[in-house]
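Taken in order, these protein sequences are the chains called A and B. Once you know that position 19 of the first sequence is 18 in numbering that gives the first Met the number 0, the rest is easy, because the numbers rise by one and skip nothing. Once you know that position 7 of the second sequence is 6 in numbering that gives the first Met the number 0, the rest is easy, because the numbers rise by one and skip nothing.
Hints are not guaranteed to be accurate.
[Unchecked claim] Short derived list, chain B residues pointing at chain A, Cβ under 8 angstroms:
1) Leu20
2) Thr44
3) Lys53
4) Gln55
5) Gly56
[Claimed, not checked] Label pairs and their in silico Cβ distance ranges:
6) A:Asp142 / B:Thr84: 43 to 49 angstroms
7) A:Ser113 / B:Thr84: 54 to 60 angstroms
8) B:Ser32 / A:Asp142: 31 to 37 angstroms
9) B:Gln8 / A:Pro11: 30 to 36 angstroms
10) A:Asn133 / B:Glu38: 31 to 37 angstroms
[As the list claims (entries may be wrong)] Derived SDA-like pairs: lysine to any residue, alpha-carbon spacing no greater than 20 angstroms straight-line:
11) A:Lys147 / B:Glu21
12) A:Lys147 / B:Leu10
13) B:Lys47 / A:Leu114
14) B:Lys15 / A:Cys136
15) B:Lys65 / A:Ser44
16) B:Lys47 / A:Glu99
17) B:Lys64 / A:Asp1
18) B:Lys12 / A:Val162
19) B:Lys12 / A:Asn155
20) B:Lys40 / A:Glu159
21) B:Lys47 / A:Leu110
Calculated from the structure, these hints are not laboratory results. Glycine residues also receive a C-beta, built at the ideal position from the N, C-alpha and C atoms.
The lines below spell out each chain.
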Amino acid sequence: MDLRAFENRVMPVKNKLFRFALRLLDNAAEAEDVVQDVLIKVWNSRETMNQINNWEAWCMRLTKNLSLDRLRSQQRKATDSLMTGLEVKQEGMSPHEKTEIAESMQQVSELIASLPEKQRQVMHLRDVEGYSYNEICEILELDMSQVKISLFRARNTVREKLVKINAYGL
Amino acid sequence: MRMDSRIEQLLEKYWKCETSLEEEKELKDFFNSQEISDELKEPATLFKYFEYQKKQGVDEERLQKKLSSVVESDKRGKVVTMFFTIAKIAAGVVVLVAATYLVREEVRKSYPTEIADTYSDPELAFEETKKALMMISRGFGKAKQEAVKIKTFNEAEQIIQGNSEKEDSSKINI
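Please build the complete structure, drawing on both the sequences and the hints.
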């Protein structure tokens with residue numbers, strides 16, 4: 000793998016890596032560091048990259064492992080909210096509508112953040128990034144039944160809580 | 000309305016985790032493209048959230064800067080490493096050659112040089128030996144001839160000495 004192949008094949012996934020690291024770390028600066036580390040690792044092991052079947056999943060797995068290492072290694076706290084840098088881009092809306100949408104986004108964000116770690120990871124990979132179940136198994140190093148159960152629980156919890164929020168404004 | 004029922008159907012499947020990736024894409028597209036009726040407000044928020052999440056990205060410029068410095072230093076590093084490797088090998092060879100030379104000198108000093116076998120063909124060696132011996136024997140032969148001459152001289156000298164003694168004694172006698 001040369002520089003060209005690296006830029007064409009690996010660089011496009013950097014945002015996926017970043018979002019995944021951000022989901023795990025809750026901190027944009029640290030997520031960025033993880034993405035850098037992953038890409039540097041990929042670059043350094045580019046000679047052996049050809050032997051890897053699904054290197055995108057491989058990169059995601061590396062992102063997960065490096066993020067978890069960071070979580071374990073240091074006493075840290077989430078400084079950035081999940082919604083940082085997230086602009087509500089909807090034209091032709093009144094300020095009131097905009098705040099309303101931002102508010103509901105914030106609610107969903109908190110709701111998902113309250114899910115157990117594994118469920119959050121699976122839901123992110125499936126619903127935000129659109130990975131297949133097989134790929135999620137590979138990334139998270141879980142078997143199919145665990146992935147499906149986690150996703151099922153995550154979606155159901157989210158569904159119930161969304162109904163509650165809308166019904167009672169909680 | 001027909002669209003809504005299809006979406007409701009998909010949503011039911013979605014909550015049960017029975018949707019395919021394509022169907023989930025369809026849901027996302029639907030909730031992010033149009034006005035959503037109040038009944039579908041809850042899932043709409045969720046799917047909008049997913050879509051917003053996807054807009055987050057890494058700071059391209061900063062990442063590129065960091066990475067290009069790594070890639071560059073990697074290239075330079077390779078040349079330097081190669082140079083050092085070659086230098087190490089060269090130094091090793093030099094030490095080895097010097098050591099061999101010195102040890103050989105030492106060994107030469109402590110052991111007198113043995114006669115080396117210079118001929119590989121035994122017959123040729125025999126011939127050469129014969130030649131050498133012949134040369135020595137010829138030398139001896141010549142020397143013997145010369146020695147005969149010396150003997151004659153000696154005899155002559157003895158005779159002369161004998162005569163002079165006789166003369167002396169005769170002188171005394173006289």
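We went through each hint and held it up to the structure:
1. For Leu20 (chain B), the shortest C-beta to C-beta distance to chain A is roughly 6 angstroms, which falls under 8 angstroms, so the interface hint holds.
2. Evaluation of the Thr44 (chain B) hint against chain A yields a held restraint, the C-beta minimum of about 5 angstroms falling below 8 angstroms.
3. Here the hint on Lys53 (chain B) is kept, as its CB sits about 6 angstroms from the closest CB of chain A, short of 8 angstroms.
4. Checking Gln55 (chain B) against chain A by beta carbon gives a least distance of about 5 angstroms; that is within 8 angstroms, so the hint holds.
5. Hint on Gly56 (chain B) holds. Least Cβ distance to chain A is approximately 4 angstroms, under the 8 angstroms limit.
6. With their beta carbons about 46 angstroms apart, Asp142 (chain A) and Thr84 (chain B) fall inside the hinted range of 43 to 49 angstroms.
7. Checked against the hint of 54 to 60 angstroms, the C-beta distance between Ser113 (chain A) and Thr84 (chain B) comes to roughly 55 angstroms, which is consistent with it.
8. Range check, Ser32 (chain B) to Asp142 (chain A): about 36 angstroms between beta-carbon atoms, so the 31 to 37 angstroms window is met.
9. For the pair Gln8 (chain B) and Pro11 (chain A), the beta carbons lie near 34 angstroms from each other, so the given range of 30 to 36 angstroms is met.
10. Look at Asn133 (chain A) against Glu38 (chain B): about 34 angstroms separates their beta carbons, and that is inside 31 to 37 angstroms.
11. A hinted pair counts as satisfied when its Cα atoms are at most 20 angstroms apart, and Lys147 (chain A) with Glu21 (chain B) qualifies at roughly 17 angstroms.
12. Only pairs whose Cα atoms come within 20 angstroms are accepted, and Lys147 (chain A) paired with Leu10 (chain B) is accepted, the gap being roughly 17 angstroms.
13. About 18 angstroms separates the Cα atoms of Lys47 (chain B) and Leu114 (chain A), which keeps this hinted pair within 20 angstroms; it holds.
14. For a cut-off of 20 angstroms, the pair hint linking Lys15 (chain B) to Cys136 (chain A) stands: about 19 angstroms separates their Cα positions.
15. With a C-alpha separation of about 17 angstroms, the suggested pair Lys65 (chain B) and Ser44 (chain A) falls inside the 20 angstroms cut-off, and the hint holds.
16. Straight-line distance between C-alpha atoms of Lys47 (chain B) and Glu99 (chain A) comes to about 13 angstroms, which keeps the hinted pair within the 20 angstroms bound.
17. Of the supplied pair hints, the one linking Lys64 (chain B) and Asp1 (chain A) holds, its CA atoms being roughly 18 angstroms apart against a limit of 20 angstroms.
18. Restraint check for Lys12 (chain B) and Val162 (chain A): satisfied, since their Cα atoms lie roughly 17 angstroms apart, inside the 20 angstroms limit.
19. For the proposed pair Lys12 (chain B) and Asn155 (chain A), the alpha carbon gap of about 12 angstroms is at most 20 angstroms, so the pair holds.
20. A C-alpha spacing of about 13 angstroms is found between Lys40 (chain B) and Glu159 (chain A), which places the hinted pair at or below 20 angstroms, so the restraint holds.
21. Taking the CA atoms of Lys47 (chain B) and Leu110 (chain A), the gap is about 14 angstroms. The hint holds against a cut of 20 angstroms.
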